[in-house]
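Read top to bottom, the protein sequences are chains A and B. Counting in this note's numbering, the first sequence runs from 1 upward without gaps. Counting in this note's numbering, the second sequence runs from 1 upward without gaps.
Please keep in mind that the hints were generated in silico from the structure rather than gathered at the bench. Each residue gets a CB set at the ideal place from its N, CA and C atoms; glycine is no exception. You may find that some hints are simply not true.
The following label-pair restraints were derived from C-beta to C-beta distances [what the hints assert, rightly or not]:
id, chain 1, residue 1, chain 2, residue 2, range
1, A, S227, B, V304, 53 to 63 Å
2, A, W480, B, R626, 28 to 38 Å
3, A, A220, B, S227, 53 to 63 Å
Number of protein chains: 2
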Amino acid sequence: MSPLVANESRESADAPQLAKRILLGDPLTSEQADEQLLPKRMALPIFASDALSSVAYAPQELLMILLVGGMAFLSFTPLVAGAVVLLLVVVVLSYRQLIKAYPSGGGDYEVASTNLGEIPGVVVAAALLVDYVLTVAVSIASGVDNIISAVPELNPWRVELAVGFVILIVIVNLRGVREASTVFAIPTYVFIGSVAVMIVTGLVRTVLGDAPVASSAEFAVQAEDLSQAAVILLVLRAFSSGCSALTGVEAVSNGVPAFRMPKIRNAQTTLAMMGAIAALLFAGLTALALISGVHYAEDPCALVGFDCANPQPSLMAQVAAATFGGGSIPFFLIQAATACVLLLAANTAFNGFPLLGAVLARDGYAPKALNTRGDRLVFSNGMIVLGIAAVTVLVVFQANLTTLIQLYIIGVFVSFSLGQIGMVRHWRRVLRGTRAKTVAEAAPLRRSAYTGLVINSAGATLTVLVLLIVTITKFTHGAWMVFFAIPVLAVLMVGVKRYYRDVEHEIAVDDATHFGSAGDVAIVLVNRLQKPVVKALDYAIAANHDKTVALHVALTPEDGTQLQREWQRHRIPVPLVIVDSPYRTYAQPVEHFIREYRSKHGPSVVTVYLPQYIVGHWWESLLHNRRARRMANQLMLVHGVTITLVPWLLDSSELIYGRRSRPVPGQERAGRPVAVYGSSGRRAQRPAGPPDAG
Amino acid sequence: MSPLVANESRESADAPQLAKRILLGDPLTSEQADEQLLPKRMALPIFASDALSSVAYAPQELLMILLVGGMAFLSFTPLVAGAVVLLLVVVVLSYRQLIKAYPSGGGDYEVASTNLGEIPGVVVAAALLVDYVLTVAVSIASGVDNIISAVPELNPWRVELAVGFVILIVIVNLRGVREASTVFAIPTYVFIGSVAVMIVTGLVRTVLGDAPVASSAEFAVQAEDLSQAAVILLVLRAFSSGCSALTGVEAVSNGVPAFRMPKIRNAQTTLAMMGAIAALLFAGLTALALISGVHYAEDPCALVGFDCANPQPSLMAQVAAATFGGGSIPFFLIQAATACVLLLAANTAFNGFPLLGAVLARDGYAPKALNTRGDRLVFSNGMIVLGIAAVTVLVVFQANLTTLIQLYIIGVFVSFSLGQIGMVRHWRRVLRGTRAKTVAEAAPLRRSAYTGLVINSAGATLTVLVLLIVTITKFTHGAWMVFFAIPVLAVLMVGVKRYYRDVEHEIAVDDATHFGSAGDVAIVLVNRLQKPVVKALDYAIAANHDKTVALHVALTPEDGTQLQREWQRHRIPVPLVIVDSPYRTYAQPVEHFIREYRSKHGPSVVTVYLPQYIVGHWWESLLHNRRARRMANQLMLVHGVTITLVPWLLDSSELIYGRRSRPVPGQERAGRPVAVYGSSGRRAQRPAGPPDAG
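Just chain A, same shape as in the assembly (with noise of 0.2 Å):
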């Protein structure tokens, strides 16, 4: 192996490459990917993170969307909080039955495909893309809202400060999975533990009569008289709000490959005890919300008595405040964590999407370039791409969670509704299977199935339900971009499969296809007589074609006329044929040339050789021509014609990439490019082409 340490070393010479590895680390064999899996201690904060956190939005968006019908809908809190937590035990549930039958990682993906069809798994993966890159922009949005919450200064970079999070979030991302997951465990158990702890402490309190009261308990909101349909809506969409907290619960079931042994029993235990954690602080903090009377406006003006030219404060930062003390140090532990947890969520989504972008480009519904695994093992492009989208998102919305909300959740609930479905029929089809078997052998495959039915069955009732609820009181807020997405992604992505597919067809070996081009004719094009146009020659005449011609394309008689003297003077052994080009082309006179050379000589193969200059800054490229790379485009359209590209290495380009592409003098070198014409026995034995030509 020792080659491959000196290609090492030689790239850690390259600076750009030397910054890769200190921001990303050394690279990793395929072989090491057994060991980045993960125990379930850090399982949990890496897929629960986006589940967990969210309980730092959803309660707030919950109570700010009651609070639009005025002070007296907070009543009807306990019965939409309790609804979400009903919902989010039955989807925790429908899950755990989802792990045990599809293992692999496919998640809602792959139960849609396998068991309903190409176009509901498509749908279902654009749905599921879409979320990602809105788990993403709300998690940092909720984020960003936190910090403020805690140093109100930084409001005016509110954009910024959510931009500049995403792109720390790649680079620790594109590190590879095991390290970032022990960066983000720690804040996750922070978020939990200081979480419970204030949740504990408000209700003490509150039992001990000494109930927390928030700032915003004193603003009045006025009261909207609403009619008993608008109640109606106004309590579903508060509802709609409040499922946000499901988002995050099939991260687990997408994650299954990278648990430790047992992958299934594992992941199990992590989807549940995260369901358990994320339902009791929901719970919790909703309850201390409305002991303290937290009053969280959609549109803070219309808090009487707030000075809505200040940012309004988080729920959380609320609730911490009246439980802790505003300025005390538990306020800012849990809003560092707060933030950090919420940050760090949008982690959830750069596991899962380069994931489920690899699956899809395996395939074949997504570029394959998305299935190509970097220097660390990660699915870096999908990384990139999920990372630019959500920047893009952000940027849009400014930031705006309330905004980003209206969005979200959507995608969500169509990939859970179309998952379960086909959970659903997953089991029909295993009871199906157990008849032709014996009682005694199905009994057990029976019983989970039937129980799995069940399960699965109140899951997708209730989630397609959700999704009705969702859909009619969140459409006109925003919602319908999501849902002109999701089928624009479908289309392409069945586009892509079929464009692959196609190419694959045409591409195939069939029995038409054998060997047997004739003819072996190089051009060597010539722009000035310098070296690299010498190699290049040189390089033709060591190939020993059945001919070879230096051909140059003259804008100006004048230029001819020289480069046909230096020629002569320094007797090269390989003829030289001139052509004009009025129109200052420089391929259209060469496709000319190769079509009359074929009209007088027959059918044959034609090697065009162009030196081509590599350089070791960006900057130099921009000094040269790049007419070599654009004549080869061009030249490659013409029938039965490969490019040769000889390349020629600047110094500056040595002094980079530590080689020498000419040998020291006194030094003969294998191959080397420009060697003493005369001096090698082999030369005499490869005369250049006849000399006529054109």
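Mind docking chain B on chain A? Use the hints.
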């Protein structure tokens, strides 16, 4: 020429090419360059639009600065405007001398570099480049101002309008010089005519005792209490801003080669006409503005009585409204002509900047790409660079005329000054040169040189003086940016020159350059056994290398085994070597293989065959791994390796480029990529390399 015709029709089948043709017109041959020369009546609007149009903003900026001191300062106007007119006359006379002495179109750059040396020449070039960009920005900003003065509803789209106009002008200019002049001639003449009529009308009305009154005549300005030094500084600042009337005078001297014969005479006449018209319009407009009592303020809110939420109408609009009435047809005609001539004045820069860029590129001070004429005989790259720079400046300064004017003129006077000093040196050299001649011979020469010396000495003295005034009065108002940009550009140019010199030297053929590379090995890279790979194998066989090997880089052992099986099944007559890639890289194992091979078999030139997909639509390239390109780039760094790209045209590209890379069934064609193995007589004579490898 039939092949070229065939190519043309092929190109028109290509949709982007077609769009290019419609926008830019058909390509022109080099011989057609002569037919693009300009008669005087066309050259005047092209080269003079900048200088003439500046009367639309120069009086306004002059009066505006004076008004900063209070209403009483307006009495300085005749003095300051007279100084500007005097300066204009001197500069025009000086440039007539320059045209006579240096008719090649190099203008101040050529004069300074010939007479003063490299650094002054480069500084002049940098100053001119900066000023071309600002000419575009100032003209467009002022044009948009005048449009908004007539149609105030457009005010919110100021920047968008400005950027749109730049893009429009770039497109018009990319079509080529003569069409541009036809488009530009009419508004320039309409502008001259209508403004002249307005001035005459206004003066006649004044003489008849019915002097026009501007809408802003009633608005008062608070007088500031200024020290005497501050008064002088303010007057000088007003003079500096008024000098913007002089910008564009040098345009003719840079455009002499575009004139019809006799070039010098015609250019001088055009310059004189331009100077006379500009002086008359400037003086007349300033007088009329004073008479009608136009009060134009730097900060519109300083005007007592003006509602500064509205845009302030331009001086031209106020004078036109006062003379002809606000909603009258002549008012709109003048505003339209002013806007047109201002927007089109930017065109002067689109003639000058690319020409100067090409001269600099020819001399090695700028990237060679600036000296490449496009299809339409214009230096397209220079135009695109100018367009991008102007858009950037307009966006950064929000198309604010007053801010932009602060940056303007510095560059012009830097080049004026150095050009005039250079001319003084030139005439003194001419005088010295006459000493050896007889008096009879020398007399006319000496007479002409003395005239030149006197005129250019006066010009040099005045322009240096003005440069000092402009620098002192504008430095803190933003001109420091220009003082930063000019040296940076100059240093860059000198650096580019050094770079080209070093590269030239590096690649020059010297005594040590000889032929004689040894060995000839072909490596065909095989990923999966598909038609493009078969084509590459076929071509490698046809090229009859000393040895041909197929190489597969296996990321997983299964890939390798499967390929091996297919290889045997198809009985491919080339040995297949499989190498592992623990780091999932493709280039490193190939590099390693080459090194091993050379250590066993001795030195040799290695040709690596890479199949390359050619796609028809840009989006298709997103769906293919750019693995071939990346590998080519990496392998070109390996000593003694050349890359042969074997193109494979996918069906989509064949549809678009109208070719067939594969023969129609039953139709045998030259160099066909996938031919019938064994059907060719030649095939039998061309065995593949020996079967052992690696």
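We went through each hint and held it up to the structure:
{"no.": "1", "hint": "A:S227 x B:V304: 53 to 63 Å", "result": "holds (55 Å)"}
{"no.": "2", "hint": "A:W480 x B:R626: 28 to 38 Å", "result": "holds (37 Å)"}
{"no.": "3", "hint": "A:A220 x B:S227: 53 to 63 Å", "result": "holds (60 Å)"}
In this structure, none of the earlier numbered hints is contradicted; all agree with it.
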